[in-house]
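Asks: On the provided structure of chain C, position chain R as indicated by the hints.
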Amino acid sequence: MNELLQGNAACARAALDAGCTFFAGYPITPSSEIAEQMAAALPKRGGVFVQMEDEIASLGAVLGASLAGRRAMTATSGPGFSLMQEHLGYGMYAEIPCVVVDVMRGGPSTGLPTRPSQGDVMQARWGTHGDHPAIALAPASVAEVYELTARAFELSDRLRTPVVLLYDEVIGHLRERVDLAPVSPPPAARAGPDGRSPYAAGEDDVARLPDLGSGQRFHVTGLGHGERGYPTDDPAVVGDLALRLARKVERARAEIAWAETYRTEDADLVVVAYGIVARAARRAVDDGRARGMRLGLFRPRTIWPFPAEAFRAATAGARGVLVAEMNLGQLAVEIERYVPRGSVATLLRADGRPIAPEEIVAAAVRVTDGERVVA
Amino acid sequence: MSDLRQYLRQDLMPHILCPGCGHGIALRSLLRVIDRGTIPLDRIVLVGGIGCSSRMVGYVDLRTVHTTHGRALTFATGIKLARPELEVIVVTGDGDGLGIGGNHLIHAARRDVDLTCLLLNNATYGMTGGQAAPTAAPGSRSTTTPGGAREPSFDACRLVEAAGASYVARGATSLPLALDDVIAGAIAHSGFSFVEILSDCPEFYGRYNALGRGPDMLQAQRSRVIGPRPEIQLGVLHQRPPALEVQAT
Numbered sequence: 000m001n002e003l004l005q006g007n008a009a010c011a012r013a014a015l016d017a018g019c020t021f022f023a024g025y026p027i028t029p030s031s032e033i034a035e036q037m038a039a040a041l042p043k044r045g046g047v048f049v050q051m052e053d054e055i056a057s058l059g060a061v062l063g064a065s066l067a068g069r070r071a072m073t074a075t076s077g078p079g080f081s082l083m084q085e086h087l088g089y090g091m092y093a094e095i096p097c098v099v100v101d102v103m104r105g106g107p108s109t110g111l112p113t114r115p116s117q118g119d120v121m122q123a124r125w126g127t128h129g130d131h132p133a134i135a136l137a138p139a140s141v142a143e144v145y146e147l148t149a150r151a152f153e154l155s156d157r158l159r160t161p162v163v164l165l166y167d168e169v170i171g172h173l174r175e176r177v178d179l180a181p182v183s184p185p186p187a188a189r190a191g192p193d194g195r196s197p198y199a200a201g202e203d204d205v206a207r208l209p210d211l212g213s214g215q216r217f218h219v220t221g222l223g224h225g226e227r228g229y230p231t232d233d234p235a236v237v238g239d240l241a242l243r244l245a246r247k248v249e250r251a252r253a254e255i256a257w258a259e260t261y262r263t264e265d266a267d268l269v270v271v272a273y274g275i276v277a278r279a280a281r282r283a284v285d286d287g288r289a290r291g292m293r294l295g296l297f298r299p300r301t302i303w304p305f306p307a308e309a310f311r312a313a314t315a316g317a318r319g320v321l322v323a324e325m326n327l328g329q330l331a332v333e334i335e336r337y338v339p340r341g342s343v344a345t346l347l348r349a350d351g352r353p354i355a356p357e358e359i360v361a362a363a364v365r366v367t368d369g370e371r372v373v374a
Numbered sequence: 000m001s002d003l004r005q006y007l008r009q010d011l012m013p014h015i016l017c018p019g020c021g022h023g024i025a026l027r028s029l030l031r032v033i034d035r036g037t038i039p040l041d042r043i044v045l046v047g048g049i050g051c052s053s054r055m056v057g058y059v060d061l062r063t064v065h066t067t068h069g070r071a072l073t074f075a076t077g078i079k080l081a082r083p084e085l086e087v088i089v090v091t092g093d094g095d096g097l098g099i100g101g102n103h104l105i106h107a108a109r110r111d112v113d114l115t116c117l118l119l120n121n122a123t124y125g126m127t128g129g130q131a132a133p134t135a136a137p138g139s140r141s142t143t144t145p146g147g148a149r150e151p152s153f154d155a156c157r158l159v160e161a162a163g164a165s166y167v168a169r170g171a172t173s174l175p176l177a178l179d180d181v182i183a184g185a186i187a188h189s190g191f192s193f194v195e196i197l198s199d200c201p202e203f204y205g206r207y208n209a210l211g212r213g214p215d216m217l218q219a220q221r222s223r224v225i226g227p228r229p230e231i232q233l234g235v236l237h238q239r240p241p242a243l244e245v246q247a248t
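For the record, the sequence lines run as chains C and R.
According to numbering that gives the first Met the number 0, the first sequence is numbered sequentially starting from 0.
According to numbering that gives the first Met the number 0, the second sequence is numbered sequentially starting from 0.
If we strip away everything but chain C, and leave its shape as in the complex, we get (with noise of 0.2 Å):
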């Protein structure tokens, strides 16, 4: 159906399409609308909202009812972001599907409650404390925003993993027109056969734990814990659930890894853009070309694991990099990683302000003239 539709309008429609049956939130803007529609939307087809007291309830609240065997979710923003990181880290050592949108304003502290930013990246990534897996995507339209939830939930699943919906405030409050495929549910690949020890993983190194309503008895911790689930600081055993841990999200590394590049064949310089930024970068290069510059794009729609290959593949022929976000180069710490020293530019804005086309082209002439951080 050809519609208008807000991009946090398509992330509560994506989960409910992808079999979300439970959300719990707490008022934050800008992702409120979320919360909203989920409220309006969730009882009528038998499920549950609620509204808890903060976003540490909200995310505990979600984590239980993941344990219960249902899919479920919560929306945020930064403030909030940061609340959740414990849980967060809980999700991913226990082992918990659940989907975490975290609709990005400008901060620290209260920051811009109303204006964009990208100054979540680094918190999405190493957030709660210890070492830990991390998957974050990265929409940039509002068919995106639709699509990337509806795989976040699969993921999730999956993977028995939090996976985090990681976009700023333009994509969430950007209403644009979209022809949606509606998505199914995934199948519940997700119960285990055995409670006796709900944490010995299989092949692809995910834990199966049954549901809390499946009558088996077993033990959930945050505590390090071996196969069996129970309490233990055995270095052997600890040491071994966190290498499985990190490579079970390596393992799907390739598969996860999506990125989509845009001119790039013989771009002398490619522009890294991801959210709205990407926007504004894909117009740039058409721009650019148009006046002889040889430029193009490399949007990561998977920021968490970052899509090394494809962004290699993508830049092997270029001379150099020039990653435009609205913060002060989070991503750009990562893409040093993978290309020679030196070679990496940086338009970077943390005013609450999206960056604009003509900003980027400009940028790209002064780095083709030498310059190496344009603010």
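A couple of the hints might just be wrong.
[Said to hold, decoys possible] Output of the computed footprint for chain C on chain R, the stretches with three or more beta carbons under 8 Å from beta carbons of chain C:
| # | segment |
| --- | --- |
| 1 | 61-70 |
| 2 | 190-196 |
[Stated by the list, open to error] Computed footprint of chain R on chain C, listed as stretches where at least three residues anywhere in the stretch have a Cβ under 8 Å from a Cβ of chain R:
| # | segment |
| --- | --- |
| 3 | 24-33 |
| 4 | 334-344 |
[Unchecked claim] Here are the in silico distance ranges between beta carbons for each label pair:
| # | chain 1 | residue 1 | chain 2 | residue 2 | range |
| --- | --- | --- | --- | --- | --- |
| 5 | R | 41 | C | 327 | 50 to 60 Å |
| 6 | C | 245 | R | 127 | 28 to 38 Å |
| 7 | R | 15 | C | 178 | 55 to 65 Å |
| 8 | R | 41 | C | 203 | 20 to 30 Å |
| 9 | C | 237 | R | 27 | 52 to 62 Å |
| 10 | R | 15 | C | 187 | 32 to 42 Å |
| 11 | R | 38 | C | 45 | 19 to 29 Å |
| 12 | R | 127 | C | 369 | 55 to 65 Å |
| 13 | R | 137 | C | 125 | 40 to 50 Å |
| 14 | C | 180 | R | 239 | 33 to 43 Å |
| 15 | C | 129 | R | 15 | 17 to 27 Å |
| 16 | R | 41 | C | 241 | 49 to 59 Å |
These are computed hints drawn from the structure, not numbers from a lab.
All C-beta atoms, glycine included, are put in the ideal place defined by N, C-alpha and C.
Replies: Same frame as chain C, now just chain R:
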């Protein structure tokens, strides 16, 4: 009564609680109630936070979830709303439930979702070595109040009643059979049911305040809760029909 060890994960023994700790008495009381057979075993889910009391859920051979510090009630709310047929029992402590988790406690009470919350009050943070808790008596000594606590302490039952809980009771490890009755009443009640359980920590609170060993503390506790005009009142302190419940439709 059958052998209560059948409900324990005996391969996890010895447990981590100290000699003289009152928490084992409370656990035994909970197991006696479970042993009455009024709730199908496969419907019971035990949820704990972090601390000595919360840790006990891991020793019970049922579905058990050991969550994060102070947040057990949030997980429990999610579990109950997701599967209303489950009997969800939260075990928490005074630091876990009234300190770091105080906000969740008052909102769980206000929401009046059908959960049972057992809060073991030993007036200290035992797991971390005996720091001051929000229930520590004014003047009592701990590693973080070496000169005596200067702050007033919480009355958990009055707090939870004011917040909207529909069943509020207090029991004590020195009167374990009476404790059984209030725990059974809490589980039977639909709506948020809260039981404060007076327990003792001889290892830290007792030692720092020269209160003797486990039996000495139990005797002292008992003298405060019995008699015609006890210093601390036990039993069901408040009960009313549950508020309209938030439930899956």
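Asks: Hints first: check each against the structure and report whether it holds.
Replies: Hint by hint, here is what the structure shows:
Counting residues of the segment 61-70 of chain R whose C-beta sits closer than 8 Å to any C-beta of chain C gives 8, which meets the bar of three, so the coverage hint holds. Using a Cβ-Cβ cut-off of 8 Å, 0 residues of the segment 190-196 of chain R lie near chain C, which falls short of the minimum of three, so the contact claim is violated. Judged by the Cβ-Cβ criterion of 8 Å, the segment 24-33 of chain C is not covered by chain R as claimed, because only 0 of its residues qualify and three are needed. Counting residues of the segment 334-344 of chain C whose CB lies closer than 8 Å to any CB of chain R gives 0, so the stated coverage by that chain is violated, three being the minimum.
Judged by the Cβ atoms, the range 50 to 60 Å given for residue 41 of chain R and residue 327 of chain C holds: they are separated by roughly 53 Å. For the hinted restraint 28 to 38 Å between residue 245 of chain C and residue 127 of chain R, the CB-CB distance of approximately 30 Å keeps it satisfied. At about 59 Å, the beta-carbon gap between residue 15 of chain R and residue 178 of chain C stays in the expected band of 55 to 65 Å. Judged by the Cβ atoms, the range 20 to 30 Å given for residue 41 of chain R and residue 203 of chain C holds: they are separated by roughly 29 Å.
The hint said 52 to 62 Å for the Cβ distance between residue 237 of chain C and residue 27 of chain R, and at roughly 31 Å that hint is violated. Taking 32 to 42 Å as the suggested C-beta distance range, the pair residue 15 of chain R and residue 187 of chain C conforms, at roughly 36 Å. For the pair residue 38 of chain R and residue 45 of chain C, the supplied restraint of 19 to 29 Å holds, since their beta-carbon distance comes to about 25 Å. A hinted range of 55 to 65 Å for the beta carbons of residue 127 of chain R and residue 369 of chain C is consistent with their spacing of about 56 Å.
Distance hint for residue 137 of chain R and residue 125 of chain C: a CB-CB separation of about 42 Å, consistent with the stated range 40 to 50 Å. As the Cβ distance of residue 180 of chain C to residue 239 of chain R is approximately 52 Å, the hint placing it in 33 to 43 Å is violated. A C-beta distance of roughly 22 Å is found between residue 129 of chain C and residue 15 of chain R, which places it inside the suggested range of 17 to 27 Å. Remark: the range hint 49 to 59 Å for residue 41 of chain R to residue 241 of chain C is contradicted by a beta-carbon distance near 33 Å.
Violated hints, listed in ascending order, are 2, 3, 4, 9, 14, 16; each of the other numbered hints is respected by the structure.
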